[in-house]
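Assembling the complex is the task here: the two chains are given apart, and the hints tell you how they should meet.
Protein chains in written order, with the working numbering: chain A, 1 to 634; chain B, 1 to 368.
If the Cβ cut is set under 7 Å, some of the chain B residues that face chain A in the computed set are: (1) GLY238; (2) LEU274; (3) ILE288; (4) LEU292; (5) LEU312; (6) PHE315.
Treat the hints as calculated values from the structure; they're not laboratory data. Heads up, the beta-carbon is just placed ideally off N, CA and C, and yes, glycines get one too.
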Amino acid sequence: MLIRTTSQQSQDGELNRFRFRIAFAAGTVVLAFAIVVGRFVFLQIFQHEYYTTRAEDNRISLVPIPPNRGVITDRNGVVLARNYSAFTLELTPSKIESLDQTIESLGELIEILPKDKRRFRKLLEESKSFESLPIRTRLSDEEVARFAANRYRFPGVEVKARLFRQYPLGPIASHAIGYINRINKADLEAIEEKEQGANYKGTEHIGKTGLEKSYEFHLHGETGYEKVEIDAGGRAVRNLSRTAPVPGNNLTLTLDTKLQEMAEKAFGDRRGALVAIEPSTGGILALVSTPTFDPNLFVDGIRSEDWEQLNNSPDRPMVNRALNGAYPPGSTFKPFMALAALELGKRTPAQAISDPGYFTFGGHTFRDDKKGGHGMVDMYKSIVHSCDTYYYMLANDMGIENIARFMGPLGLGSRTGIDIEGESEGVLPSPEWKKRRFKRAEQQKWFAGETISIGIGQGYNAYTPIQLAQATAAVANNGVIFRPHLVKHITNSKTGEKTLIEPEPLRTLPWKPQNIETIKKAMVGVNKEGTGARAFAGAEYVSGGKTGTAQVFSLKGADYKGHKLKQELRDHALFIAFAPADQPKIALAVLVENGGFGAQSAAPIARMVMDYYLLGKQPKGPAKEDEAAIEDEE
Amino acid sequence: MLPQILQRLRKRLVEHIDGPLLTIALVIMAFGLATIYSATVYASNRAVSQLLNMGVGMLVMWLIAQLPPQKLMRFAVPLYVIGVILLILVYVIGVKVNGARRWLPIGITRIQPSEILKIATPLMLAWYFHKYEAVLRLRHYVIAGLLLLVPFALIAKQPDLGTAILVGAAGFYVIFFAGLPWKIIVGMIAAAAGSAPFIWSMLHDYQRKRILTLIDPTTDPLGSGYHIIQSTIAIGSGGPFGKGWLQGTQTHLEFIPERHTDFIFAVFSEERGLVGNCILVVLYLLLIARGLMITANASTLFARTLAGSITLSFFTYAFVNMGMVSGILPVVGVPLPFMSYGGTALVTLFLGLGILMSIQTHRMLVKQ
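Chain B on its own, in the form it takes in the complex (with noise of 0.2 Å):
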């Protein structure tokens, strides 16, 4: 009776995971965990309480993969509305923390709405072109393009550079897994090229320094450039092998910025040397193949693109992030994913996962 129920609870618990993506994701998260253990070690130590967060965001992810996505879809319009809403009120009410209003106050403590379209946007754009499905028309990626760009505009005015790229990438995959004609993204990227003169004179100033300052980081040494060049260093004295772990010497001496959360990917570095950093990358791919083959197996257009999707802003999110510190890319808020503390990020990870999850597990319900 007793093995019984407990089978029936151990299937009630493990029914709606996907196997493979939890690993994975659960060795990226051990690698963070000590990597943040290192780079909080003398501070105060954040280690527990990341592990606090990846609690939490396990429960998220569990309790999101129990629903099917038909029911998921019933989220997007709602959800999508009220992000934009927030974002707008931002504006109004909204709290300046370091030169951009990112913040809006919720009674004792302040929410980041932006935080809440990296899923609501892709989840909007999958519901609309499921929604169309059968009449997809030119018109109708101008409009999910117009519901992108609603969100994009909205953050990355707050200045929200880092966000605004996540939220317009996670947006683009949709409406290019929709199938966006070719033509149209050939013309769109030459035009791109054609108005980055334009683009430029519409950046704000902290935005065209962080571009300048990645063309030639010594120009500024002590100030924007300071973190490209601690961070490069970090994982250029690294080497083949690393320091060791606790032993990186520009971490534990404060040279690294942000060692715990944006930059954390340097400590790694630092101390696990280009063996980590390999191991660290087939991680990354392993979690991509992975989305993609859920995304490949997919039963519907909505589960589809909302897979591939999220699994390409997973992608999105550690390319730039260890583009950015290595110093191929600008310097743009964009976090490690499940390496970099923080419970926001982390939760909103998971919620990806247990989307990824539900659309992997209901897909043979959908079949039957």
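Isolated chain A (complex conformation) (with noise of 0.2 Å):
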């Protein structure tokens, strides 16, 4: 009996403690779940809008459509840049295993010619390697038909519709226009600095030089999106939605294609630069630097052949003269001169000197081009038949700087803000200039012998054909200068809304109606009997004007036989003009590099777009030299 009661006692603890054990687990997986129910509680409830956006930026990838490119046409509608459709042949690096054996088979199929790798392999140098990449450009139907049946045997490989920046009048106004190319990593950052990385996305080009540079954001337009969920392995499995890109705007330049078109074939092939303003805006009218070049070739990626000649040219086409170009003005500064005398009260118009023919100062002797002198010369005079040593004279009672002082606001040696960028900004000589640019204190000192030759345009005169133009423009326009510019408005794409690019007045020079009246008069006198009469005989219109002529060698006192010379060693000529003279409707500055005597190339040049200009007349032919003004010259 006791033992089986201590059994059954010894039973029932032991039960107990079970029991026990029991609860103890059941405790444990209470606390156990409840660890996990608190975690989920953390995750669907405090970070539920976290992981929400996780997951859709899992499931959600956004395509970009890029936005068709602005047009740009002239003042009449003349199409400069457009765009065109065409089929591309592209490679993605990243998802082709051997490069080198798809193109080689590609190549059984569609034409590749070396050409064509040559451009691909200097893409692909250039790019991320997941970009798919073209090889080969405008394909036809029947090679679009041929990659189609043979599509599964090349993954990696699309044929892309793709729109291609086409410049219909080629090198026509090329330096206005410029032109796009692939974008590279400096274009990137340029792009992230303006914060329009994520406008870019997609958009595989970009306004490399003139306008297509300058109004690049007009001209791109609103990148579309694509919202598209894609899975696990980045396939694409639905559209969600789409915003459609918005075009670039269109711009409608101040230039007149015809206008511009004759001037450039008016050089022929001679190597210079035209500006033409319309005075009372500030619109350019033609901007030329020849020789040009086709900006269609920078399209697709240039060939190498091509860049090389394009920058080893000795004719160097790719410098835009007309902005980048600085050259002494020679005698086309001489007017300038004469009104800062008028205005700084230094001459009176008909105050003459006695021209010797030399001008001698410091010991030194300046010469005049007329052997002899000039005789008594007055203010009129000697603008229409340059005299030199007038300007020195002149040059000399007004010192450095009074000249600079007057100069300054006219324009001369500051950039003049055309709606391009890179002008350049020319040389205004001053003792200031000297000090900043020479670094050795011996060569920062300037010297009053220095002064004479600046008088008539030469020694550190050096301005831009633009800047020229644009003081021409001025003295016509009886002292308000405007900023000159290409485009004439811009018109939005979606609203058709135009944005007129406002005639823009810089500033008013406070000059004296009749000083300007003296100057305007000279001028005309140029053109009616002085150095550009020859050139100028029997316009129906009244023109003024006056010829320049650079030193590009000096000859040290042995005589100056232009047309003996070689060409590179020739002058350049110059020529400034405006017409007509009591309602000036053009200006411009007209640059012949080596072209010798203003009077002999640059003249003539001149006098044809006036012609066309002002009264529609076809020229014949590019400008003529003309050999008989070389004695006539000043």
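Listed below in structure tokens is the structure:
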């Protein structure tokens, strides 16, 4: 009995201990599940938004749809830059195992020239491997069909319809319009800086020079997006929504393409520049820099042989001479000097000097072109016959400080602010300029003798053709200076709304009207009875002008016989002009590199441009050099 | 006459079935089927074949439930010995899949012997304690520990950490319910903490990586951290009420790996939200509560320890799986009980249910 009871008790105790263990286990289970549920609450309540975003990021991919680039037309609606759609054969290097082998087998289907391969290699070096890169552009329909039939053999290769930029007029006005090319690293940085990174996703080309560059963000438009649902493998499952791209804005230029074309032809094969401005607005009618280049070469990535040819040509066709060539103005500087003298009271129109044919200063003799001098010379005669002695004396009387102070507000030696980037400053000489320009103390000092040749537009003087055109327009416009511009209005492609680029008077110079009249009259005299008379003989309108010659090569003491010198040593010929004289509609500056005298090669071009612009006269062939003008010249 | 036959047949059918246990399991499985359907709807749909697995599992459950625990006890030693021999054979002629030697080829198919040990180990230990119940000394616990260590080490070495943990836990629960002194339990926990650095040095590289990516999954977002990151996103984006059945983007765009097997909980959680998760947790709690009730009422030490071990194994499965999918436990290959797709695992679970039912329904007979 007793034993049984003990056994019963021990069994009860054991059962109790066992039940306690069950309770302990149950407690552990509840605690563990509580931790898990706590984790769910944390993830699904407190972190819910964060993980919702993560899930959305996982599944939604934005595929950019690049917008159509804006079209550029001239003032009469002539298309200068447009887009066309064409098929390209494109390779995505990251999806292709052996590039060489793929290209080789593709070559059996579609003609791939060595130049195409070279260009592809170049693109490959510059790009990220997951981009698709064109190896052939402008496929024919037959080529597209042939590839489509064999498509399965080429993973990572596709035919894509792409928009291409096209410049229908080719080399005409190429320096003004510029060109687009594939986006490179530097472009990307510029895009990021302007916070346009998102808008350029999917865009492959960007304006590199000219208007294409300076109006890039107008022309580009807004990139559209396709919201695509993707799976874990990155494959598109379905389209969720589409935001259509907004095409870029269209540019309408002040440029007159026919005038531009005619002016370019007038240069023939000579190097030079011409800028024609509408004085009352600053609108540019023609912006010529010869030789030109075909911007279409750049659009798909330029072939290296083309690039080398353009870059290595001694004629340097890629340089925009109108904006980046700085030349001594020569005698075209004289009307501005004369105006300065009147305004500063250093001369009166009637005040005459006796010209012995030279001017001596500090033991140095400055020669006039005409041996024996021009005799008694007043202001009118000094401009009409381009008398150097008059201006040697004037420069000496005025001093360099006064000259610089007068020429600065005229826009000489500073950027005009034309709506193309990269314009050069030129040089308006002054003692301060010299201090900045030179490092050594003995070079920094300004010598009074240096002022003398400044007076006839030589020496340190160096201005761009557009600066000369702007200054000429300022005189023609009675002292009101406009910022030269190429774009007349921007048309919003979505709303059709036109934003006019307002003529922007930079400043009005406080010149006395009678002083302006004096200068204008003298410039009219140049074309009537002076150095420009031969070029403007028989013109049906009254024009004002001034010839100029910029020394390229100094012939110490020897006589200058331009036509006997080697071409590249000949002087640069310049001509500034405006017409009609009473109400100028056009002001221009012409420069012919190594053209000799201004009257010889620059003035005839100006005549042709003006005849065309004012009278609609079509010239026959390029402007001829006027050999006879040589003897008559300054 | 006929109604009587039918009634007898019905009695014969349900005699050894535990209603609550089966009901709870069926409800969880219904959730499981719907989730498997959602997870595999675009690929080859696995819901139907899982239904088939369930049929087989229920048959096994019914058959086991008919056997009284005394008969079950007879299987203990042979099943354990065969299991261990097969585990050793895996080393000799095993097939390597994904860097782990887990499979044993048998004719045209192959089996995973470690699966047998999930039941055989607790069965063996329960039998052992039952045998020495009257004379239990410390050395018996030590011997039981060694009996557990053999399959645990063999499985861990394959390497299959998930199964090893499940087998080890099942064995440990038997020892625990057999009355392992608390002093030793506390001592073992202290020893485990002390030997952690040593264990670390023993771990395989992939196991270490799993633990490290658990601490910070973002260190390897495309490699071993990818699973955890994607399943956590799925759970978190599910929010309080879920995205709705068949609406989970993480699931249907295939961001969740192992969608219908080990990571099925992420699918469920994304589509059913916190509410669904809580319902599921409550269902598991009910299942375990019923299991513990059976354990408490069991009449022999064998039945008690075995029932307790099986019940807590269900808990271990559910806790480890939900913990790993939600990112608080390392990723080990543990399926979610009655939810994850997979025939073998399901049959093993039903086997466990069958044993619990056998223990519950043969109790009266024993008492009589």
